[in-house]
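Protein sequences appear in the order of chains D and R.
With full-length UniProt numbering, letter number 55 in the first sequence gets 55, and the count goes up by one each step, no holes.
With full-length UniProt numbering, letter number 204 in the second sequence gets 204, and the count goes up by one each step, no holes.
Just so you know, these hints were derived from the structure itself, not from any lab.
Source: prediction; values computed, not measured.
Note that the Cβ used here is the ideal one computed from N, Cα and C, for glycine as well.
A few of these clues could be false.
Said to hold, decoys possible - Derived contacts from chain D toward chain R, CB cut-off under 7 Å, selection only:
id	residue
1	P69
2	V74
3	T87
4	L90
5	R132
6	L134
7	Q139
8	S143
9	L144
10	L147
11	T151
12	L153
13	G190
To be verified - If you want the ones that stay clear, here's a sample from chain R, every Cβ over 12 Å from chain D, calculated:
id	residue
14	A39
15	V100
16	V175
17	K204
18	T205
19	G213
2 protein chains.
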Amino acid sequence: MVFGKSCNQCSVRETALCGVLADAALAPMAAHGTQRSLARGETLIRAGDPARLCANIQRGLMKISHINPAGHEVIVGLLWPGDFVGTPFLDGGPATHDVVALSAVSLCVFPQTTIERTMADHPAMERQLLSRTLAELGQVRRSLSRLARATALARVAGFIAETAQRRPAAAEPHVIELPLSRGEMADLLGLTIETVSRQMTRLKTAGVIGLPGGRQVMIQDPDALAEAADELM
Amino acid sequence: MVFGKSCNQCSVRETALCGVLADAALAPMAAHGTQRSLARGETLIRAGDPARLCANIQRGLMKISHINPAGHEVIVGLLWPGDFVGTPFLDGGPATHDVVALSAVSLCVFPQTTIERTMADHPAMERQLLSRTLAELGQVRRSLSRLARATALARVAGFIAETAQRRPAAAEPHVIELPLSRGEMADLLGLTIETVSRQMTRLKTAGVIGLPGGRQVMIQDPDALAEAADELM
DNA sequence: CGTATATTTGACTGAAATCAACGCAGGTGG
DNA sequence: CCACCTGCGTTGATTTCAGTCAAATATACG
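Could you put together the complete structure from these sequences and hints?
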């Protein structure tokens, strides 16, 4: 709370003191950005929108998604703190995806009109952006590989395992809070709500995980979970 | 032939005159690279390899793939002329994918030991690399969206349609040569050889495409092909 | 407490995988 | 020249995993 409050009060000059940017190399960048907060469910970028922006996520989780011709939502990626949203270039045509907050989010927004100049002034920033984009490409390729061949069980187990890695040690040692609803998991993993639910139950029945309630998952057998995730991928 | 021969004779100084780099911004970059040719089937990068490189494809087609735990090959992307292979950074750990030539390939290779300096000297080059990486990210996300929800028919139709766009007007107006075997298409689309074959036959029977033989495809009804590709995606 | 929403569970269906032949070049060697 | 082999593609029969349709809890929320 204190954290969020202090951010909302930030002037542009003080931005660098707000949320932790991913890398020291980004510190000078922060001085050129403005602070922005989003509530859960708020849309930052809408597909087809001509207005573009580039921002760095300081706190919270976002989804990149779009609605396919059949009217079904497909989530093509999640964005965690430190990740960049949008593109730094003006020439790229309209946005192809929606970007929506899945939780309360704090952003450091860089207006596209000045970002090219900012990058020119701070080569390390451009380097960092390139580096992160390459990392994200690797991530998406891993998702691709999973969607191409993995069974429903492996997709669900893999998602839980990866989420656990991202959220190290909450209150309880092996209990994590999933950031997505069953429906959102289905949209991300290319499955249906029912199938996601069934695989969760299957993992619970096998003693691999526990489901204390809500979106919480207790990981009882990490090795078995990893094995289930790898079973075809 | 003349083209290929002249490239092989290039000294480093003359490299810029060889294959067409994607953008005028890359011209100065070419002077810092060396020419290399690969035969169909040759491996440029092997997964797990610590040695990294960065290269720009001038001619030919490559695949980015890896073998999953079940022993099945998954193709996570194709690389066309103008695309970059590998990464410009030394810190990224071992390669995660194989990169293999699907046809005769000409490359402009940049040694990683000097590329950071080259990028520092030519900011436009780094900008171009970032821009292309972002574009590739968009491509992969489209594939992801397709793999998440599209039917076998839509995947195959989409692949044919996209290939046709990439290879504008060969000899015959609406005849294209697929760059992949049925098995490679299956690995790319997350299907089996049999299913790919069946969908091709289905499109042929419906009068959408013709199959003159070999890997050739005659596109008889582009609108119907596009419609089949969009049917769920 | 009651209503709305999310999740689980069950029965059935269907699309693609699997298993299994078959056809068709293109090359090799008798 | 022809028989044989090999790799690639097509076709058919059957199985299976996940989707669809439907209903029963469970949880969140006013």
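Okay, the hints, checked on the actual structure:
The beta carbon of P69 of chain D comes within 5 Å of a beta carbon in chain R, closer than 7 Å, and the hint placing it at the interface holds. About 5 Å separates the beta-carbon of V74 of chain D from the nearest beta-carbon of chain R, less than 7 Å, and the hint is met. At a threshold of 7 Å, the smallest CB-CB gap from T87 of chain D to chain R is about 6 Å, leaving the interface hint in force. Because the smallest distance between the Cβ of L90 of chain D and any Cβ of chain R comes to about 11 Å, over 7 Å, the interface hint for this residue is violated.
A distance limit of 7 Å between C-beta atoms decides the matter here; for R132 of chain D the minimum to chain R is near 10 Å, and the interface restraint is violated. About 6 Å separates the beta-carbon of L134 of chain D from the nearest beta-carbon of chain R, less than 7 Å, and the hint is met. A least Cβ separation of about 10 Å between Q139 of chain D and chain R goes past the 7 Å threshold, and the interface hint is therefore violated. At a threshold of 7 Å, the smallest CB-CB gap from S143 of chain D to chain R is about 6 Å, leaving the interface hint in force.
Because the closest C-beta pair between L144 of chain D and chain R is about 5 Å apart, less than 7 Å, the hint holds. At about 4 Å, the closest approach between the beta carbon of L147 of chain D and any beta carbon in chain R falls short of 7 Å, and the interface hint on this residue holds. For the restraint placing T151 of chain D at the interface with chain R, the shortest Cβ-Cβ distance is roughly 10 Å, beyond the 7 Å limit, so the hint is violated. Checking L153 of chain D against chain R by beta carbon gives a least distance of about 13 Å; that is not within 7 Å, so the hint is violated.
The interface hint given for G190 of chain D holds, since its Cβ lies 3 Å from the closest Cβ of chain R, which is under the 7 Å cut-off. For A39 of chain R, the shortest C-beta to C-beta distance to chain D comes to about 25 Å, beyond the 12 Å cut-off, and the non-interface label holds. In this structure V100 of chain R is separated from chain D by more than 12 Å, as the shortest Cβ-Cβ distance comes to about 15 Å. The claim that V175 of chain R lies off the interface holds: its Cβ sits roughly 28 Å from the closest Cβ of chain D, which is beyond the 12 Å cut-off.
Taking the minimum C-beta to C-beta distance to chain D, about 24 Å, the non-interface status of K204 of chain R holds against the 12 Å cut. T205 of chain R, annotated as away from the interface, keeps every beta carbon of chain D farther than 12 Å; the closest lies near 23 Å. Every beta carbon of chain D lies more than 12 Å from that of G213 of chain R, the smallest distance being close to 29 Å; the non-interface claim holds.
When each numbered hint is compared with the structure, violations occur for hints 4, 5, 7, 11 and 12.
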